[in-house]
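We have chain P; now place chain Z onto it with these hints.
Chain by chain, the residues:
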Amino acid sequence: MNTRVLRTELKRSVAPWAGAVTLLGGLAFLYSLSGPWWKGPELWTAQWTSMAMWTRSMLVFLWPLAVGLGALQGLRDHRSKMPELLTSTPRPAWQRAATLSGSTALTLTSGFGLFVLVGAVQVSFSAEYQHLGWLPVSLVAGLALVAGAVLGMGVGRALPFALTPPALAVAALFVTAVLRMTLDTVPPSSSLPIPVALLSPAVEGVRQVLLTFSASVHVGQTLWLLGMAATGFALLAAATPKARTLALTPLLSGAAVALLVLPAAPRETYVVDEDAAARVCDGRVCVTKAHEGELAYLAGPGEKALRLLRESLGAGAPAAIRETTALNSPLEPAERSRTHVIVDFADEAVSGARGEELTRVLVGLGLAPTCSSRTWGSSGTDAEAAAQSVAAGWVFGDLRPIDGTMHSAAYQMKKARPAWKKLKALPRAEQHSRIKAMRAAALSCEAQPLEALTGGGSR
Amino acid sequence: MMRAVSAADIAPKAYAWEIQATGLKVRAGAKRMAVDGLDLSLGTGVHGLLGPNGAGKTTLIRALATVLRPAGGSLELLGEPAGGTGGHRELRRRIGYLPQEFGYYKRFTVREFVEYMAWLKEVPDREIPGAVQRAVERVGLADRADSRMKTLSGGMVRRVGIAQAIVNDPAILLLDEPTVGLDPAQRLRFRELLQELGSDACVVVSTHLVEDVAAACTDVVLFAEGRLRFQGTPDGLAAAGGPGHVGDSPLERGYSALLSDSGQGRGSW
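Sequences listed follow chains P and Z, in order. Just so we're aligned, residue 1 is where the first sequence starts under full-length UniProt numbering, counting upward by one. Just so we're aligned, residue 1 is where the second sequence starts under full-length UniProt numbering, counting upward by one.
Careful: at least some of the hints might be erroneous.
[Said to hold, decoys possible] Below are the EDC-like pairs computed for lysine to aspartate or glutamate, each with C-alpha atoms no more than 20 Å apart in a straight line:
1) Z:LYS25 with Z:ASP39
2) Z:LYS106 with P:ASP77
3) Z:LYS150 with P:ASP77
4) P:LYS39 with P:ASP403
5) P:LYS11 with Z:ASP146
6) P:LYS81 with Z:GLU101
[Unchecked claim] Derived coverage of chain Z by chain P (criterion: at least 3 residues anywhere in the stretch with Cβ under 8 Å from a Cβ of chain P; other residues may be distant):
7) 61-67
8) 96-102
9) 134-146
10) 224-230
[To be verified] Short, incomplete list of chain Z residues facing chain P, as computed with Cβ under 8 Å:
11) TRP119
12) LYS121
13) ASP125
14) GLU127
15) ILE128
16) MET156
Since the hints were derived computationally from the structure, they do not count as laboratory data. Remember, it's a predicted structure, so these values are computed and weren't measured experimentally. By construction, the Cβ of each residue, glycine as well, lies at the ideal position given by its N, Cα and C atoms.
Chain P extracted, bound-state conformation:
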């Protein structure tokens, strides 16, 4: 490939714009809006996979832009009235197509690469867990941008009308807006067949830091995107109607093969990253490898909480603390265990507390495990927080609210204080059995722990 010509295309085609839009569009969106990518453990610069997923989620609008800009580029020959002159030249059309699509591919991947790099530099300083498992997520994103732009060029050349670029961009936006999965359910689901939803190059962002794509998702999407790029390229180089029709073959066969390769079972799409979820323990306190850094402040209070639980509950007390690795959803009960205190760093009551206060939270979780998950920007129910504050208060001897939920201290106390007074009025042995009843109610997730505590509720 002639470097002068490539340099000219890099300067004069849509290539520089495509690169700039990708880099600046992505950064502007992430930095100018306050979204879940700025909060809690899902912070986009906290973990490698989170960074890869959040940056790729920007494809929701970056991909349609790439497709539209590609189509705009595809119109150039027609609008410049160049085909006559081009037909008389000896160089094969595919070489021209390669220079044009190559220059845009170069700037798109550079732009997106820099965008990822901005995140990567921050992650490399902040993350304890360093790995390369995130790389396929970003590589497929880069491929998607290139394939989209090349397809746009091909279609723009085959259908050289002024309306082609906007129509194509809107169609692409439709794809990223409609073909999607929701992580709000366990397992993730979609209103469309799962493999069809996975044809979208965009992703849903991060709801749980341990979630990543399964290998078959990467493979299926790669095949689909390669087919798309091949069709775009063939359309760009095709001269006859017959060649244009033939050019659709890679797109269709890529889609067909991808639909076979992409997982149909929801549990095989977004999966728990086994490496990231590997257990790292300090004594009886265990977290995932992804959160190894949190062990430093969790281990001490954790050990103390386990001792206090053992003293108050006796033989039935949880024997260890571990971080949840289950898929969770605001619509489903959180993971609970009779033998373990389950913590979730997305629960700000846990991730926001230190020392004595953390011990208190862990004791509360041990005696009245959370049923409505305190993640996803939700804070569980106020009754659960109140039950935990009463439970912890019973062990510590004084009633204090649980911090880190959106239920204010006063509000929690309004619920907790009557229960607390009722509980304290009972004989010690009765208090003990009420606490156990509350724990059983919380574990079952069927009864209100606070009502179990006061002996009121139905059972």
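Only chain Z this time, still in chain P's reference frame:
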């Protein structure tokens, strides 16, 4: 700057005529046979292709540029049959073409555009910068070489069109209405350039300006209704006319005389 002499330049020609058409038929669109049974042999020199509007000049030039495939007869360019299947890759490297409607990329600079065209014509990479500079200088645009195409006047754009056509030192140079948009001074300069180019290439210039032909062409091809009407020197064309024919100059009168036989060029526009 001198260009290296390549083997192709000094090799003896294996053909008698750069362009040789026998019974050539070329369609314009789906139905109309715009070139209909043309016999024509053109060698080195400047050939002025004259004819009324609709005579099939542009169709003929497009066929010579290998853009249109002949519908019948035979066409040999540089000794190679043009019109069969295949990309004519070797042949196209040695053709220069300025279409009647010259399209260009507006965002490119003059140099970038001519470079791009040189690349498309498969001029060897290391020769491109020199060839581009020479072509741009020959059309007098050296001082605008780094201006964007969209900032140029119509005449300058036309000159870029000529520059891209000659950048590969073509053996066959096809110029369809090259003088449109050129002012009188530029037209004079262009005639000189044509004469230079015609010394070692077969240059075909389609025009409707008879005075261009008189000044720059070694040979006149008069073309009407898809057929050859006259081929000869400008003087020969002038000699065909008499005082009774329409026209302000001997050439114009010759032109009218040769066309009047068929009823063309007279009466209506």
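Unmet hints by their number, sorted upward, for this structure
Hint check: 9, 10, 14 and 16 fail, others pass.
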